[in-house]
Amino acid sequence: MDRRKIEENIFKTLMLFSTFVVVGSLAFILATIFLKGFRALNLDMLIKTPKGGYYLGKEGGILNAILGSLILGVGATFLALLVSLPVVFYLNLYLKKNSRFALTLRFFLDVLGGIPSIVYGAFGFTFMVFFGLKASLLAGIITVALLIIPIMTRSMDEVLKMIPFELREASYALGANRLETSIKIIFRQALPGIVTAVLISFGRGLGDAASVLFTAGFTDYLPYSLFKPVATLPLAIFFQLGTPFPEVQSRGYASALILTAIILLISVLARFLSRRFTKHGI
Amino acid sequence: MGSKTHISVKNLSIWYGRHQALNNISIDIPDKKITAIIGPSGCGKTTLLKSFNRLIDLQDGVSVGGRVLVDGEDIYAPEIEVTRLRKKMGLLFQRPQVLPMSIYDNVAYGPRIHGIKDKKKLDGIVERYLKESSLWTEVKSRLHSSASKLSIGQQQRLCLARGLAIEPEAILGDEPTSALDPVSAERIEQRLLDIKNQYTIVLVTHILRQARRLADYIVFLYLGNLIEHGPAEKIFNDPQDTRTQAYINGRFS
Ligand SMILES: Nc1ncnc2c1ncn2[C@@H]1O[C@H](COP(=O)(O)OP(=O)(O)OP(=O)(O)O)[C@@H](O)[C@H]1O
Ligand SMILES: [Mg+2]
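Line by line, the protein sequences give chains A and B.
Its first residue numbered 1, the first sequence is counted upward by one per residue in my numbering.
Its first residue numbered 1, the second sequence is counted upward by one per residue in my numbering.
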């Protein structure tokens, strides 16, 4: 065999190997939580709150955490969206492409996105202490919103950057102003990407434990007030796996399975929706 | 010239950052005629065209010196409303850029922005301008399907309809046929000739034959300078400047 062919084969093997590592580890993770969790998984897990004996209950379910996570996630995503959308449109339509302010803003967002979530948790906690708030759904929503704003903003920013400049020019040339161009053209064209960005951020918010540890607290009750603590799935998993009792531990894996299933569902939904919305896309 | 001036350019210079793209240009663009801007690549044709509806404002670090008068009004004066100015000019790009919506909505986009809400009226406008850009028969049965599904040639005619629908006084075309197949290009050319007694048309073109076919008036730019301008027969048959002669004879492009 000649040298070029050998080189090509070496690289092909390397690429295959790396691909295998990615796919394999995903499969391995899924298999582990499934094998360890599925025996503890039953309908009660999904529709009941924790009951009976042990810490966090050996009976009942984790409905408190499922509902808590979903409500907290939706609230935080909504709050983050209220901040991210204007920022992203300001960055892309009102600022010139290479304006120093735009570059600085993107840099800040990248730095914020790189800060570990425990730091957001600590910040949220300090903030709560300062205002005399207790661990609550509201504090959790605000902290998780802060955590996902940079991710959401930057992923929507990438979507908007991809939109051809000529499309904006075409709208302006017809006498549209920036607001009309933003809403009727750019938003429409970017909608699939925006939906994906929102769902990814939602997933990120759902899965994070460190940011809600001090801020949202934990409770066996279903969420009923913005100002009371709320249970979340990542913390339920954390506490269940942390107990010395094998029954509760396997319930921890079952909870992990539920969380993973929810995240997976969101990813599928993101794909599906982004395809739906591309109807008139160019 | 026997025709009144529509767009009057006076000592116009344009810089991108430190790079000067246009140097002290003065020309009068006649009303209801086809004016072709010709010249080699990078000489500033697009820049000049986009200065007429201030689309040039969108570029990074651009600065403008001198004046452009449209209907005698200085369009770079601070009190000018850019959206109103742009409504006076329909623009065709090199590559047709349809909006991410249906064929109908593409044509109705401009009129809606400028305040027309009545469905019947919009229907009328859409039909009229799709006919005027000779696209109607091809799309009348699928007005509500995506504009992006049309062929490139159809898209460019849609862009023409969209531009006409804002009822402009002038049509600006930046090499509007260069991305099209010969048949589509010919149709666009024919439409421009058909409507030229209603609009002032300014056409940037690379194709000398196209300029010969269409233009009443020629503007020749070279390296950001205005070299020569005048009636088409004069420029083509008796160019004064050696650079114009060289360009017309295809010695550089
Ligand atoms: N946004 C910009 N920033 C910096 N320089 C630019 C920009 N746009 C154009 N230029 C420069 O200005 C000069 C004139 O450009 P312009 O696009 O007007 O030329 P043109 O005659 O339309 O060329 P072509 O026939 O290739 O389209 C060129 O040297 C070009 O490189
Ligand atoms: Mg050009």
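Incorrect hints may have been included.
[What the hints assert, rightly or not] SDA-like, lysine to any residue: derived pairs with alpha carbons at most 25 Å apart:
(1) A/K96 with B/Q240
(2) A/K96 with B/A77
(3) A/K184 with B/V139
(4) A/K184 with B/F93
(5) B/K88 with A/I183
[What the hints assert, rightly or not] Now the in silico label distances, taken between C-beta atoms and shown as ranges:
(6) A/L70 with B/G17: 35 to 41 Å
(7) B/R251 with A/N98: 18 to 24 Å
(8) B/G124 with A/K96: 47 to 53 Å
(9) A/R271 with B/H144: 23 to 29 Å
(10) B/K117 with A/Y94: 23 to 29 Å
(11) B/S178 with A/K97: 23 to 29 Å
(12) A/K96 with B/E233: 39 to 45 Å
(13) B/K140 with A/R271: 31 to 37 Å
(14) A/L273 with B/E138: 30 to 36 Å
(15) B/G17 with A/F78: 54 to 60 Å
[To be verified] Some chain A residues close to chain B (C-beta under 10 Å, calculated; not the full set):
(16) T13
(17) K97
(18) E169
(19) L174
No lab work stands behind these hints: they were computed from the structure.
Predicted, not measured: the structure shown is a model, and the values here were computed from it.
For glycine and all other residues, C-beta sits at the position ideal for the given N, C-alpha and C.
Verification of the supplied hints:
1. A/K96 with B/Q240: With a Cα-Cα distance of about 42 Å, the restraint between A/K96 and B/Q240 is violated, given a limit of 25 Å.
2. A/K96 with B/A77: holds (22 Å)
3. A/K184 with B/V139: Answer holds: A/K184 to B/V139 is near 23 Å, not above 25 Å.
4. A/K184 with B/F93: With a Cα-Cα distance of about 20 Å, the restraint between A/K184 and B/F93 holds, given a limit of 25 Å.
5. B/K88 with A/I183: Holds. B/K88 to A/I183 sits at ~23 Å (cutoff 25 Å).
6. A/L70 with B/G17: 35 to 41 Å: Distance hint for A/L70, B/G17 is violated at roughly 51 Å.
7. B/R251 with A/N98: 18 to 24 Å: Check failed, 38 Å falls outside 18 to 24 Å.
8. B/G124 with A/K96: 47 to 53 Å: violated (40 Å)
9. A/R271 with B/H144: 23 to 29 Å: Given range 23 to 29 Å: holds, Cβ gap about 26 Å.
10. B/K117 with A/Y94: 23 to 29 Å: holds (27 Å)
11. B/S178 with A/K97: 23 to 29 Å: holds (25 Å)
12. A/K96 with B/E233: 39 to 45 Å: Holds, at about 44 Å.
13. B/K140 with A/R271: 31 to 37 Å: Check passed, 35 Å falls within 31 to 37 Å.
14. A/L273 with B/E138: 30 to 36 Å: Holds, since A/L273 and B/E138 (Cβ atoms, about 32 Å apart) stay within the stated range.
15. B/G17 with A/F78: 54 to 60 Å: Violated: the Cβ-Cβ distance is about 42 Å, outside 54 to 60 Å.
16. T13: violated (41 Å)
17. K97: holds (6 Å)
18. E169: holds (6 Å)
19. L174: holds (4 Å)
Hints 1, 6, 7, 8, 15 and 16 from the earlier list are contradicted by this structure; the remaining hints agree with it.
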